[in-house]
Amino acid sequence: MTGFTTDRLGWRPWLAPLTEEELTDAHHEALVDRARATSPYFLLLARDPGILHARTKTDQDIFYNPDGGLPRAERELAATATSRHNGCVFCASVHARFAGHHSKRPGDVRRLLDEGVSARQDDRWRAVIDAAVALADTPSRLGPEHIAALRAAGLDDLAISDAVHAGAFFGWANRLMLSLGEPTLEDR
Amino acid sequence: MITDVIDHLAGIAPGSSLDRLRDRRPDAREHAQRSYDVLFTPDDEGEVTLVERDAVAAFVTGLHQDLTVARFYADRLAELSPGLLKAVEYEVEAGRATGPYGVYAGVLAAESEEGPRYRASDPAALGVRLAAAFEHAHLLVFRPREAGRDALAALRRAGWSETGIVTLSQLVAFLSFQVRVITGLRLLNQEGVTA
Numbered sequence: 001m002t003g004f005t006t007d008r009l010g011w012r013p014w015l016a017p018l019t020e021e022e023l024t025d026a027h028h029e030a031l032v033d034r035a036r037a038t039s040p041y042f043l044l045l046a047r048d049p050g051i052l053h054a055r056t057k058t059d060q061d062i063f064y065n066p067d068g069g070l071p072r073a074e075r076e077l078a079a080t081a082t083s084r085h086n087g088c089v090f091c092a093s094v095h096a097r098f099a100g101h102h103s104k105r106p107g108d109v110r111r112l113l114d115e116g117v118s119a120r121q122d123d124r125w126r127a128v129i130d131a132a133v134a135l136a137d138t139p140s141r142l143g144p145e146h147i148a149a150l151r152a153a154g155l156d157d158l159a160i161s162d163a164v165h166a167g168a169f170f171g172w173a174n175r176l177m178l179s180l181g182e183p184t185l186e187d188r
Numbered sequence: 001m002i003t004d005v006i007d008h009l010a011g012i013a014p015g016s017s018l019d020r021l022r023d024r025r026p027d028a029r030e031h032a033q034r035s036y037d038v039l040f041t042p043d044d045e046g047e048v049t050l051v052e053r054d055a056v057a058a059f060v061t062g063l064h065q066d067l068t069v070a071r072f073y074a075d076r077l078a079e080l081s082p083g084l085l086k087a088v089e090y091e092v093e094a095g096r097a098t099g100p101y102g103v104y105a106g107v108l109a110a111e112s113e114e115g116p117r118y119r120a121s122d123p124a125a126l127g128v129r130l131a132a133a134f135e136h137a138h139l140l141v142f143r144p145r146e147a148g149r150d151a152l153a154a155l156r157r158a159g160w161s162e163t164g165i166v167t168l169s170q171l172v173a174f175l176s177f178q179v180r181v182i183t184g185l186r187l188l189n190q191e192g193v194t195a
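Protein sequences, first through last, are from chains A and B. Under full-length UniProt numbering, the first residue of the first sequence carries the number 1, and numbering increases by one thereafter. Under full-length UniProt numbering, the first residue of the second sequence carries the number 1, and numbering increases by one thereafter.
What the hints contain is simulated information worked out from the structure, not anything from laboratory work. Owing to the predicted nature of the structure, the values given are computational and were not obtained by experimental measurement. Please note that the accuracy of each hint is not assured.
Said to hold, decoys possible - So the derived list for chain B, only partly shown, Cβ under 10 Å to chain A, looks like this:
(1) T3
(2) V5
(3) H64
(4) L84
(5) L85
(6) R149
(7) V166
(8) A173
(9) Q178
(10) L185
(11) Q190
As the list claims (entries may be wrong) - Result set (DMTMM-like, lysine to aspartate or glutamate): computed pairs, CA atoms no more than 25 Å apart in a straight line:
(12) B/K86 with B/D75
(13) A/K57 with B/E30
(14) A/K57 with B/E45
(15) A/K57 with B/D75
(16) A/K57 with B/D23
(17) A/K57 with B/E89
(18) A/K57 with B/D19
Just so it is clear, CB atoms sit at the ideal spot from N, CA and C, and this is done for glycine as well.
Generate the whole structure from the sequences, applying the supplied hints.
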């Protein structure tokens, strides 16, 4: 078990993924993105192709849709904060790299991983991280005060909705990554 | 007939500003709903029965303590298996906690946070498979960082196949997403969209 890191990690499943030879057209459709057909994580999820397909399409629109709203860097920041809080070392490593790259603030992202979700950040990142962490708690603690802080930091409704979706989505992703396998030090 | 569960449970009316806001992310909107459809009204039950799906959903959303969402899934279960609902409500009471918590191994050990480890209170009322599913669901909801191979082995011993475990895991994880999107959108909806 490694600590939180921005290094590239591998991920080893605890259940047997499908093999590439077992993939039918329906499985390929479920994977959506061809590159995902080499990932043990997605090959394991391909055991239930219906939900994998819907999940992948949801994921891609939440993080990649360029039509306004929250900048990609801060969608990734919400994903990273959620993963840090839930304890998903693998998800945090991937999305910390994205957040650092798109924001050009890898040092601030690194501090989130090293010191945790309460580490010092500027007001806007503080608001995004606090909202993501409150939403990640069970039961959720997200309240009007978090929405007000996001608004005060300059987020409009679509951006707030994006922050909610990015954080919520990692409530989904973290639970799969943490429970179906484990991170490994070597990149696969 | 509910066509969009998130809209229904967040109180988003057709044509409202939040309805238009959701349309800005059309794939996310459509596929959040399709996720619900394929998990709860699949063409083929596969390795997880419809009753098991609804029972796990009633348990998981009960643990999240969002009364509107929990009621929705409890009603679904009551329709399919009225006898089971009481047992599920009993387990929700027994399983209440505040998360995420959990013990870390290795270099993160200093961040460990101990918390309850739920075991089904009345496994006889649930049956072997469902009791194991509830214990796994509780692990995923509250202390996912403690998940390990032994948890999957416990499911296998209770009769869960590898594919069944994937479906069960997706179901619990998806509900973790859905209930949070509803929470966030409901907050936006209540205060009135300004932009």
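Cross-check of the supplied hints:
no., hint, in the structure
1, T3, "violated, 15 Å"
2, V5, "violated, 13 Å"
3, H64, "holds, 6 Å"
4, L84, "violated, 23 Å"
5, L85, "violated, 21 Å"
6, R149, "holds, 5 Å"
7, V166, "holds, 4 Å"
8, A173, "holds, 4 Å"
9, Q178, "holds, 8 Å"
10, L185, "holds, 7 Å"
11, Q190, "holds, 8 Å"
12, B/K86 with B/D75, "holds, 12 Å"
13, A/K57 with B/E30, "holds, 9 Å"
14, A/K57 with B/E45, "holds, 22 Å"
15, A/K57 with B/D75, "violated, 29 Å"
16, A/K57 with B/D23, "holds, 15 Å"
17, A/K57 with B/E89, "violated, 34 Å"
18, A/K57 with B/D19, "holds, 19 Å"
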